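These two chains come separately, so use the hints to put the complex back together.
Order-wise, the sequence lines are chains A and B.
At position 142 of the first sequence the residue is numbered 142 (my numbering), and the sequence of numbers has no breaks.
Numbers in my numbering are just positions in the second sequence, counted from 1, shifted up by 301.
Where hints are given, some of them may not hold.
Listed next, with one range per pair, are the computed distances between beta-carbon atoms [to be verified]:
1) B/L405 x A/R177: 29 to 35 angstroms
2) B/A554 x A/G265: 34 to 40 angstroms
3) B/V336 x A/P93: 19 to 25 angstroms
4) B/L325 x A/L65: 41 to 47 angstroms
No lab work stands behind these hints: they were computed from the structure.
Since we're looking at a predicted model, the values are computed, not measured.
Positions of the beta carbon are idealized from the N, C-alpha and C atoms, including for glycine.
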Amino acid sequence: MFFRFSHSLSMKIKERVIKSILALSAFISIVTTLAIIGVLGRESFTFFLTVPVTDFLFGTHWEPLLEPKSFGILPLMAGTLLIVIGSGMIALPVGLLTAIYLSEYASNRTREIIKPILEILAGIPTVVYGYFALTFITPVIRIVLPQTQIFNGLSASIVVGIMILPMVASLCDDAIRSVPVTLRQGGYALGATPYELTKSVTVPAAFSGIIASFVLAISRAFGETMAVTLAAGATPNLTLNPLESIQTMTAYIVQVSLGDTPAGGIEYQTIFAVGGLLFIITLIMNIAANWIMNHYREVYE
Amino acid sequence: MNNFNLNSAKRKKNERIFKYLCQLFTWMSLLILLVLIYHVSIQGLHYLNLDFLNNYPSRFPDKAGIKSALWGSTWLISLVFILSVPIGVASAIYLEEYEKKGRLARLIEINIANLAGVPSIVYGILGLTIFVRFFALDRSLIAGALTMSLLVLPVIIIAAREALRAVPQSIRHGAYALGATQWQTIYHHVLPASLPGILTGVILAMSRAIGETAPLIMIGALTYVAFIPESVMDPFSTLPIQIFNWASRPQAAFEEVAAAGIIVLLLVLLTMNATAVLIRNYAQRKYRW
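Bound conformation, chain B alone (with noise of 0.2 angstroms):
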């Protein structure tokens, strides 16, 4: 009658073939990420010089180089963080501090959370026909950093607002108590407390503008750039979409130089993150609540 059977060898067999398939699984994410970084070292570190730093492309596998790319990158994520990031903070504060509650804040937020998840092409589909077309900016630099901007945008908003979420409410009441106007609470305390969230948000965003690449195709972006540029006007070049040219060449020297471009790609990405997770520990530190 009783068939239940409380320390049966098939329950404990069960449950062990269970954990290790977890486990397998995994760790299969750390080997994919081993083979990968090997398999893009191997591939590439012999083109990895000063030169490939300091060279243009070129036709020949050996004289081809990443300086504008590099260049572009740099004018590119500079643009972005210049356009980008005030109006993300700016609408991040206004949706958690303003406007909390209500039908507009909730549509505000509902359309942020979509935004978030609209692909990026469709992105450089927007910047193709608005920046490029119709306000004629052609395939500039600007052209670029506005595209991407409104790319970034939801990433940046979402990070904020949970920065600024983080703030303790006796922060803002302390400031009420002694007169200060909503403004001056935020600016004074709260915002001054969320920035190191913030920060970290923000590095994140940039992070996913470097890495991008099939909006700026879309927009344009040259791949062939013997020059660096020199105004928001000038046309472009990117690391992504330089190692994308380079990869989808037939030639195999030319797959090792796409290699030497990951590299320094994920280098910069590396720096940029390993900066994140150092402003996260020191304000770890600094704020306890």
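Bound-form chain A, shown alone (with noise of 0.2 angstroms):
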């Protein structure tokens, strides 16, 4: 008999070499983490030995590229939130009542229609609605709102709300599909309307699925660039009102990085101190997401 019921010692080899190519890829993923941990860290570091880190978040004036200068982030937050907050009123109740649409109300044919229709604007690049806040948002509410200046957070809230509208329906629409039939037809059965379903049974079922959506799309929102670059300015201005010029965390980096901005002054180091910022939020919120999601996963399952 030459028939072997065990591997040749060559093939163990061959196994054990291709695991372990295949296990270092998986670890690129690590090493990107530490390594934007590390980038950021280092270069903040450097910048927080010239400037204090209270200065840096509780002052109200960001000045760095003009003497005398000033390195208070509060205005840039400011301009961010002002987007994340505008944006965030726009595209969650939507995002919500259109998921509610699809998942209660929708014929098949209606979803097929209107669920590419999400992901077409889902895949359109920043660029483009950044480029659409600034021509067409802009003078529409210029007619409007007279007094409103050229660039201003209004538009693009706007603009960065249908951004993330998209994501908000798909992910609300998964939860409330996840929702057990059982819990549905109990609700059907008892004589509910589907407004009342949707209002006491379904909505509350998903409402961890829910939040963590809605979580996702703020981070989304916080990190947006080439939108509020576009349209929003570049006026770093401790303001709520929408229709001023402001300045975003996001906006201020990429302003530095089109100038000419030596490496390793102290306006090149702000960069490090702005995105170190910008991405501890961001991943707060991604990792309250996950957490939320995985916690609910356990209740249905």
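Pasting the structure below:
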């Protein structure tokens, strides 16, 4: 008999080698994370040797490129929050209602139309949305409210809202559709209308999934760059007036990198401090969203 | 005593209002898409011709073209494909087939989920520090491609894992039962069966890479490039960067040139996504478990 029951030695070695190569690839993602933390941490550290952390976090003036320099992040933070809140006010309710319509009312035919449209909206590059805000939404706003500045937070908020809407809608749709069908049938058996069912059964049951999708969408709005760079302006402005020109943290980073700031200077280090803060904020939100989602999965499986 | 009214007009009215509200908001996304496409077409169509595709950028709107950006994007996307797909698929295979459970796998999984949520501009800062400055690759295509590869890796890994997971366990058991090793099972059976799903994910990742702007601006991709890159060490421009440059100029004419650029970019994306849909449909016909 030439039939062997165990694999030959060379085959075993080959298996080992292949497994190691695959493992090595998987480690690249860990290395990437460490590199991000290392790069941001190292330059931010040098930055904070010159500028006290409290001045950075609580200072109300951001003028790192002009003398006298001041490094208070609050104006950039206010600009970012304006966009986040504005876009959230649009995307979260509209996204949730879209998801409810898709899962509760829409026929299969409607779903087949709406779902791809949401995918297309999600796939349009952000620079296109920025262009749309600058050349369409802003002029429309200026017809209604003539005092609006050419660059303003409102237009950018609307467009960022449109950008994150598909994400909210599809994640909420997933959450609502994973509510056990027995709960739904129970509700209808008790004579509830679809609205009553949504209000008191499906939405509460899918609540953690919905919240997780909100958190993810808000984290996306925090990090959105090109649309706000094009439409919101480059004026660090401690205001919550959506009609004025503002600057977000991301837009500031772009502004510095478009200029000729030499490496090593304090101006150059600011992008790492601002980027670091942005990274920490989005990381916390992503971890929170994942935690909420996993927590929720345990309840229903 | 009984204040529970089974068929009150109010309940019916609430129901109708809510339904119409949902319906209104849902169809709004279609309206937005139509308005966007209409606006861009009105603005840009008359600049869109063969000259536009064949000219280099120019100070004069009439002579401005998108040739270098189109070639830059093609180069970039090819490099990103070569760099990110093998690593992404290999990672997915490792995580899904070898290291399915356990602390390490869990750690890598959380890590990848978080990487997928890191703002793209942060990848730009990473690329600027590591590739442009530390490895002294300068503002070259390869620096851009490496940065962009790190950005799309999580997308590819997540999509490839889903595709691998969709292959029924019985396929693997069948191969093992015939004496195949784990790698033979994966290479000859699992991977071919999951290939359409992986390809769909890869195309989506590539369309993300084509549209990304912020990381490339960070690493200093140029907006004025009057030549076609000839090697991976050449400076470059891409479609979205060229569009950004035109859109941020004050002259109204460049606004229209930008719109023409957007039409080109959207057509490229449309082609890629249509391919993804075709592959998905083909796969649904070919593999039925």
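Hints versus structure:
1. B/L405 x A/R177: 29 to 35 angstroms: holds (32 angstroms)
2. B/A554 x A/G265: 34 to 40 angstroms: Given range 34 to 40 angstroms: holds, Cβ gap about 37 angstroms.
3. B/V336 x A/P93: 19 to 25 angstroms: holds (20 angstroms)
4. B/L325 x A/L65: 41 to 47 angstroms: Taking Cβ atoms as reference, B/L325 and A/L65 lie about 46 angstroms apart, which means the hint holds.
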